[in-house]
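> Model the placement of chain L on the given structure of chain R, informed by the hints.
Quick mapping for you: the protein sequence lines, in order, are chains R and L. Start counting the first sequence at 0; every next residue gets the next number (numbering that gives the first Met the number 0). Start counting the second sequence at 0; every next residue gets the next number (numbering that gives the first Met the number 0).
Note that these hints are calculated values from the structure, not bench results. A couple of the hints might just be wrong.
To be verified - Cross-link-like lysine-lysine pairs, in silico, DSS-like; alpha carbons within 27 angstroms at most:
hint : chain 1 : residue 1 : chain 2 : residue 2
1    : L       : Lys72     : R       : Lys49
2    : L       : Lys59     : L       : Lys236
3    : L       : Lys319    : L       : Lys43
4    : L       : Lys80     : L       : Lys20
5    : R       : Lys49     : L       : Lys80
6    : L       : Lys59     : L       : Lys345
What the hints assert, rightly or not - What follows is a set of in silico ranges between Cβ atoms, one per label pair, in the way DEER data are often shown:
hint : chain 1 : residue 1 : chain 2 : residue 2 : range
7    : L       : Ala50     : R       : Ala200    : 57 to 67 angstroms
8    : R       : Ile147    : L       : Asp219    : 50 to 60 angstroms
9    : L       : Ala412    : R       : Ala200    : 52 to 62 angstroms
10   : R       : Met196    : L       : Asp289    : 53 to 63 angstroms
11   : R       : Leu307    : L       : Asp68     : 54 to 64 angstroms
12   : L       : Glu262    : R       : Ala39     : 44 to 54 angstroms
13   : L       : Asp40     : R       : Ala200    : 45 to 55 angstroms
14   : R       : Gln159    : L       : Pro229    : 39 to 49 angstroms
15   : R       : Leu163    : L       : Ser245    : 54 to 64 angstroms
16   : R       : Gln159    : L       : Glu53     : 56 to 66 angstroms
17   : L       : Gly407    : R       : Ile147    : 50 to 60 angstroms
Glycine is no exception: its CB is placed at the ideal position from the N, C-alpha and C atoms.
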Amino acid sequence: MSVREATRLTAPAQVAPAAADRPRQKRRDGQWWVPWLFLAPALVLFVYFKFIPMAQAIGMSVQEVRPYLGNTWVGGANYAEVLGSDGFRSAAWNTIVLAVGQTFGSMLLGFCLALLVEGQTRKLTFIRSAAFLPVVVPLAVVAELWRIMYHPTGDGLINQVIGLVGLGPSGFINDPHTSLASIAVTGIWRGAPYDMMIFLAGLAGIDRGLYEAATVDGASTRQRILHVTLPGLRPVFAILFVLAAVRGFRTFTEVFLLTNGGPNGSTEVVMTLIYKLGLEQSRLGVGSAGAVLLFGATLVLTVCVQLLRRRRAA
Amino acid sequence: MAAGVGLALVVTACGGGGAGKAEQDPSAPLELWARTTPGGDGEKGMKKLAAAFEAATGQKVEVTAIFDDFETKLSQRAAQKDLPDIVMNDSSQLGTMVSQGIVREVDLSAIKGSDQLLEPALAAARATDGKTYGVPYSAQASALLIRKDWLKKVNLTAPANWDQMVALAKAFTTQDPDGNGKADTYGLAVPGSTKRGYASWYFSNFLWAAGGDFIAKQSDGKYKPAMSTPESVAATKWFRDLACTSKVVQPGAATMDTPPTNETFEAGKTGMYVVGPYLMPRFDSSLGKDKYEVVPMPKGPKDSTVLAEGGSVYLMAGSKNEAAQNAFAGYAISADGQKIGMEGEKAFIVQLPVNKSVDITTVRPDPRWKLYADVYREHGRYAPSIPNWTPVRQSTADTVNALIADCGLDVDAELKKLDQKLTDTLSQQGVNAS
Numbered sequence: 000m001s002v003r004e005a006t007r008l009t010a011p012a013q014v015a016p017a018a019a020d021r022p023r024q025k026r027r028d029g030q031w032w033v034p035w036l037f038l039a040p041a042l043v044l045f046v047y048f049k050f051i052p053m054a055q056a057i058g059m060s061v062q063e064v065r066p067y068l069g070n071t072w073v074g075g076a077n078y079a080e081v082l083g084s085d086g087f088r089s090a091a092w093n094t095i096v097l098a099v100g101q102t103f104g105s106m107l108l109g110f111c112l113a114l115l116v117e118g119q120t121r122k123l124t125f126i127r128s129a130a131f132l133p134v135v136v137p138l139a140v141v142a143e144l145w146r147i148m149y150h151p152t153g154d155g156l157i158n159q160v161i162g163l164v165g166l167g168p169s170g171f172i173n174d175p176h177t178s179l180a181s182i183a184v185t186g187i188w189r190g191a192p193y194d195m196m197i198f199l200a201g202l203a204g205i206d207r208g209l210y211e212a213a214t215v216d217g218a219s220t221r222q223r224i225l226h227v228t229l230p231g232l233r234p235v236f237a238i239l240f241v242l243a244a245v246r247g248f249r250t251f252t253e254v255f256l257l258t259n260g261g262p263n264g265s266t267e268v269v270m271t272l273i274y275k276l277g278l279e280q281s282r283l284g285v286g287s288a289g290a291v292l293l294f295g296a297t298l299v300l301t302v303c304v305q306l307l308r309r310r311r312a313a
Numbered sequence: 000m001a002a003g004v005g006l007a008l009v010v011t012a013c014g015g016g017g018a019g020k021a022e023q024d025p026s027a028p029l030e031l032w033a034r035t036t037p038g039g040d041g042e043k044g045m046k047k048l049a050a051a052f053e054a055a056t057g058q059k060v061e062v063t064a065i066f067d068d069f070e071t072k073l074s075q076r077a078a079q080k081d082l083p084d085i086v087m088n089d090s091s092q093l094g095t096m097v098s099q100g101i102v103r104e105v106d107l108s109a110i111k112g113s114d115q116l117l118e119p120a121l122a123a124a125r126a127t128d129g130k131t132y133g134v135p136y137s138a139q140a141s142a143l144l145i146r147k148d149w150l151k152k153v154n155l156t157a158p159a160n161w162d163q164m165v166a167l168a169k170a171f172t173t174q175d176p177d178g179n180g181k182a183d184t185y186g187l188a189v190p191g192s193t194k195r196g197y198a199s200w201y202f203s204n205f206l207w208a209a210g211g212d213f214i215a216k217q218s219d220g221k222y223k224p225a226m227s228t229p230e231s232v233a234a235t236k237w238f239r240d241l242a243c244t245s246k247v248v249q250p251g252a253a254t255m256d257t258p259p260t261n262e263t264f265e266a267g268k269t270g271m272y273v274v275g276p277y278l279m280p281r282f283d284s285s286l287g288k289d290k291y292e293v294v295p296m297p298k299g300p301k302d303s304t305v306l307a308e309g310g311s312v313y314l315m316a317g318s319k320n321e322a323a324q325n326a327f328a329g330y331a332i333s334a335d336g337q338k339i340g341m342e343g344e345k346a347f348i349v350q351l352p353v354n355k356s357v358d359i360t361t362v363r364p365d366p367r368w369k370l371y372a373d374v375y376r377e378h379g380r381y382a383p384s385i386p387n388w389t390p391v392r393q394s395t396a397d398t399v400n401a402l403i404a405d406c407g408l409d410v411d412a413e414l415k416k417l418d419q420k421l422t423d424t425l426s427q428q429g430v431n432a433s
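Extracted from the complex, chain R is given alone in its bound form (with noise of 0.2 angstroms):
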């Protein structure tokens, strides 16, 4: 969902321009509305199954909720909950550190993994396979796995590797110490490999022509990444970017199957914390208050990489 959803929020800002830009055409011939129509079916279900409940999420943002009595308005009183406790606050941070530690160390390691296994190699095909394979494997699974592999004794999978270079044995998500950076590996394990496919369409793109120049001319390893690579990679950053963040920030499978925000509140995000007041505890009305602030946050961050791309572009 959250691809077809950057495409969505991105696909206006690409369009629109052009759109200024073209000189007024001669209508064709036909009615106005038959391109409505044509859209009508996706439209329908867009309006039907998201922005009606997109609505209603927000109109419960202001009442307490009581589905079988009925709703009475309350105001801003569910927001000044949510946002007045100590919970929301941490979870808030929580969240931002695991969405820029997941979205950084995803891109980075997504990065290096695309520049190993870049090329036309039918071996490299396989290799590519395995390592799209953590994508494709049900979250549920990959949390049950990395649950094993954090046994927190000395005869867990991680702390026996760790305990060969004299470190450990680590709590992992089991210490509130380290708990937020074990959930963020896994995050990243998962990603990466998402991240690679992009960047590898990413580098299909570019010229090979600007390489052999840039070697001809006795550009390094290094210098052809950094200024052939990375420049002509830029706007698959930005939407990694995009992604990733709007990602970060829905952050909830993983949490709530590993710790479900212990020890000690030390993981616990904006959605996890999301679920516990709203269905958890049945007050839809305070959970709807939060569910509305992530949403403001996930918007605002996409226009404003929306509004930073746009003044680069131009």
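Relative to the frame of chain R, chain L by itself:
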């Protein structure tokens, strides 16, 4: 964004006023929702009970089993103003359901045989306003499961008090009771995750036996937080020492809910486990009936109080057939209904009977069930019926979880903080005694 959509989908119809009493139709079939896994043993048990009721009265009952997001799905039906007639769910859901206005008050005089109900179970069906909103049909309490072969190996007997329990837990941890030459066994299995408040749920068995409490009822019927009373602090310190000082709790307890914790007991990693009777069929087949024994919880500093829980029949608001609702509840608690509910090796829905006249040994000769029934009647204690128990359980679980995960935290300070949080929660629900 997904959360916003998800939350909003819960309420698909526009809110109106509360619904009054619906027009009655004595031939309308009853729609029954049970919180149990679809296709599982619980569903079979429910269907068995419904079929027996149908055979006895001719009244049709349609059973639907739902487990995941049960409350959310119920809210959707509430929004459509079309609730199922009967909901079979945990007794602890009472407060939430009453404050949402989706259950109707139960007139006990209209429920046949309600005078035969055990008083503690009935008390758990009473809300803060003193009225009854559910009919308990099943009860359960906690007891201690111990590895029998391990006991023999370390040459000790089942503990009678907390000191002996700690000594046994230490022996299980240090004396290699499984004889594999590795220090990979632990004394006590603890589901210490915050998920659904497991840490608090498990800890209540120890807290109450020490004379402590989560919240204490005052003379005016309201509550005060009680997690920083000397008894509660002592109980918390004792429990935490199991994990931090004597280290007899399985590693990773802080992130384990019940399924992985059950596995540690089955896999021979832990030697003691405090659980309800519903896990016995599972452990009998996975571990073996001869491998473990069931004993009452050892006596704490105050007494042997353990957590009691149960299931209730909720008569939902707006039903078209209130007479049949009453009849079904009456049948579920009748001697016949209770026996049908208890029958079967796995597909039983009544753990312990709530009807005074029903003797569990007539249906289940296994003495372990009798032990559970006795523990329930003598030492069982339900969570108090405040409007919404979930936030209290959640915040106490957060603190207990933090204390066993981070041995550097100051217990007194954390419990004071918890009391402050509980005060806020109680005030929000209008039951804070100030």
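> For this structure, which hints from the list above don't hold up?
2, 11, 15, 17
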